Amino acid sequence: MLLVHDVLDKQLTDRHGVRMGKADGLVMLQEGDGPPRVVSIEVGSLTLARRLGRRLGRWATALARRWGGKHTESYRIPWTLVRGITLEIAVDVDAEATRVNVVEDWLRVHVVEHLPGGRP
Amino acid sequence: MTTGEVHLELLLGRLVRDSDGRPVGRIEEIEAERVDLLCLVKEFHLGPHALGERLAVPVLHAFGRARKPLRVPWDLLDFSDPAHPRLTCPRDRIR
Amino acid sequence: MSRLIEIALGIVTGIGGFLEAGSLATAAQAGSEFRYDLIWAVIVGAVCLAFLVEMSGRLSAISKHTIPDALRERFGIRFFAVALIIMELVMFMVMATELGGVAIALEFASGVSYRWWALPVGFVAWILLWKGTFGLIEKGVSVLGLITLAFVVGAIHLHPPLAEVARGAVPRLPAHDHARYWFLAVSILGASISPYLFAFYSAGAVEDKWDVSHLTINRITAGFGMGFGGIVAIGALILAAIVLHPLDVQVDSFAQLPLLLTSAFGRVGFALFVCSLAIACFGAAQEIALTAAYMLAQGLGWRWSENLPPAEDARFSLAYTILIPLAAVPAAAGVDILKLTNISMVLSAASLPVIVAPLLILMNDRRYVRDYGNGWFSNTVVALITALAFVLAVVSFPLLIKGGG
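Protein chains in written order, with the working numbering: chain A, 54 to 173; chain D, 81 to 175; chain U, 35 to 439.
For the record, the hints were derived by calculation from the structure and aren't laboratory data. You can trust all of the hints, since none of them are fake.
Heads up, simulated DSBU-like pairs for lysine-lysine below, C-alpha to C-alpha not over 35 Å straight-line:
| # | chain 1 | residue 1 | chain 2 | residue 2 |
| --- | --- | --- | --- | --- |
| 1 | U | 243 | U | 173 |
| 2 | U | 165 | U | 373 |
| 3 | U | 98 | D | 148 |
| 4 | U | 165 | U | 98 |
| 5 | U | 173 | U | 98 |
| 6 | D | 122 | U | 98 |
Quick look at which bits of chain A chain D covers, simulated, 3 or more residues with Cβ under 8 Å:
| # | stretch |
| --- | --- |
| 7 | 54-66 |
| 8 | 73-80 |
| 9 | 98-107 |
Being a predicted model, the structure only gives us computed values, none of them experimental. Built from N, CA and C at the ideal position, the CB exists for glycine as well.
Generate the whole structure from the sequences, applying the supplied hints.
Here is the structure:
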C-alpha cells in the first residue's frame with residue numbers, strides 16, 4: 054500500500070457511508086525497535102494549513118487557540134478503526150458523533166439560521 | 081529508536097541527506113503494509129521517479145518510461161529532526 | 035420513455051447552456067470584424083468542449099467522485115490549492131461578467147442604468163440557489179435558454195452566403211490585424227471551453243445520481259448538446275457578419291448587439307435579444323456560483339449538495355452567499371462590461387491547463403474509471419487539447435495586450 058497514492062487526501066466515509074471529509078494528514082509513531090506505525094488519520098483545516106506553508110500553519114494554529122474552544126488540534130481517527138481502502142477510506146466511526154463538523158454546525162447555528170429561509 | 085510522533089504529510093517533498101550530508105532525494109511516497117489492525121511503514125520512496133510513480137503511473141507506463149524510484153528501508157532513516165530527515169548510512173548503499 | 039426525456043433534456047442543456055455573455059460578445063466581435071473567418075474557432079471550441087464534458091460526466095458517473103474531488107485526492111492539497119485559487123479567480127471574473135450581462139439586458143428593457151441592476155440581480159440569483167434544488171436550476175436554465183435559438187433562426191432568415199460560411203469553418207491566416215484576429219480566436223476558445231463547465235457538469239452527474247447506465251445519455255448530451263450549442267454561437271457570429279460588418283462598426287459596447295436580432299425580426303427582435311441575454315447570462319451566473327462553492331466544498335471535504343437545505347451544508351451555502359454579492363460589485367461600480375468580458379474570456383483560456391491536463395491522468399486511472407477509461411483515440415484528443423490549452427495559456431496575455439483594445 055502506498056500511503057500518498059492510496060490514503061493521504063482520499064475521501065473518508067463513516068460507518069453509515071456518509072462522507073466525513075478527506076484524509077488531511079497521517080500521524081506516524083515510532084517507539085522501540087520495531088518499524089514505525091501509522092497510528093491515526095487527521096481531519097481538519099489546521100492540518101491542511103500546515104501543509105500549505107509554515108506561516109499559514111502558524112496563523113491557523115493561533116486562530117484555533119483563540120477561537121477553537123477546547124479543541125485546538127485536528128480530529129484524529131485511530132488507524133485501528135480503518136476498514137476498507139478503495140477509492141474511499143471507510144472508517145468505523147459515526148460522523149455525527151465526532152467533531153469533524155464543528156465549523157459546519159457553528160455556521161449553521163450562528164449564520165445560516167439567521168438568514169431568510171435558513172431555518173429548515 | 082524512538083522519535084515520537086511524525087506527521088507523514090509534512091515529510092513529503094523534504095530533502096533527505098545521507099550520513100555525510102550529501103543530498104539523496106526528496107521524499108515523495110511512503111510504502112506501508114497493513115498487518116491486522118496495524119499499518120507498518122516499510123519504505124520511503126525518494127526522487128523524481130517516486131513523484132512520477134505517484135502522479136502518472138498509467139501514462140508513463142503507456143510510454144514505457146516508468147522508472148524505479150530510490151527506495152529507502154525505514155530503519156535507515158532518522159526522523160529525530162522531521163524537517164531534516166537523514167540517512168544513517170552513505171547514499172551509495174541505497175539503490 | 036423516461037430515458038428519451040433525459041436525452042432530450044441533455045440536448046436542451048447543451049443548447050440552452052452554451053450561450054452566455056462571453057460566447058455572445060466574442061462571436062459578435064468576430065463576425066463584425068472578420069466576417070466568417072473565425073467560425074472555425076467556434077467549431078474547435080465546441081468539439082473540445084464536447085470531448086471534455088463527456089469525460090467529466092463519465093468520470094463522475096463511474097467513480098461518484100467529481101473533478102474537484104479527484105484533483106484533490108489524486109494530486110494532493112498543494113496542487114489542489116493552486117488549481118482552486120486560479121479557478122476561483124477566473125470564476126469570479128466570469129461571474130462578474132455574467133451578472134453584468136443580465137444587468138445590461140435589464141437596462142435595455144427599462145432604461146435604468148445597469149449599475150443599479152447588478153446587486154438586485156445578484157440577490158435574485160442568490161435566493162434561487164438558497165431555496166432551489168439542482169434539478170430546478172439545471173432544467174430551468176436549459177429550457178429557458180432555448181430562446182437563444184433566435185440567433186440561429188435570425189441567421190437563416192437573413193440568407194447568409196453559404197459558401198463563405200463554409201470557408202470560414204477552415205482555419206486560415208487573417209488578411210489584416212493579425213493580433214486582433216488571434217486575440218478573438220483565443221477569446222472564442224476561452225468562452226467555449228469554459229473550465230468551470232467541467233466541474234459543474236461532473237458535480238451535476240453526482241447530484242443527479244448518475245451511474246454506468248447513464249453513459250449513453252452522457253455521450254449524447256455532450257456530443258449533440260455542445261454541438262447544437264456551438265451552432266447558436268455561430269448563428270450570432272453570422273448575424274454580426276451580415277448586420278454589423280457592412281456598417282463598419284467595431285463592437286465596443288453591448289448597446290450595439292440588439293441590432294443582431296432587430297435586423298432579422300424588427301421590434302420583436304429587440305425583446306428576443308433582451309430575453310436571450312438576460313436568461314443566458316443569468317443561467318451562467320447560477321452555474322458559476324454553484325461551481326465556485328462545489329470546488330471549495332469538494333476539494334476540502336465539506337458537506338455539499340444543492341439539493342440539501344442550506345442548514346445541512348452551511349459552509350457550501352455560505353460560499354456562494356459570499357461570492358455572489360462580491361461578483362456583483364464590478365458591474366455596480368460601473369465597470370465596462372464588454373472589457374470585463376474580454377479579459378475574463380482570456381483568463382478563462384489561460385486557466386485551462388490546470389483542469390484539462392489532469393484529465394489525461396484521471397481518465398486512465400482505473401480506480402476512478404474502472405473499465406470505462408479512455409481509449410487511444412480519446413487519449414490522443416485530450417493530449418491535443420492539453421497541448422492547445424498550454425499554447426492558449428502562454429499566448430493569451432501577450433494577445434490581450436496587443437489585440438485587446
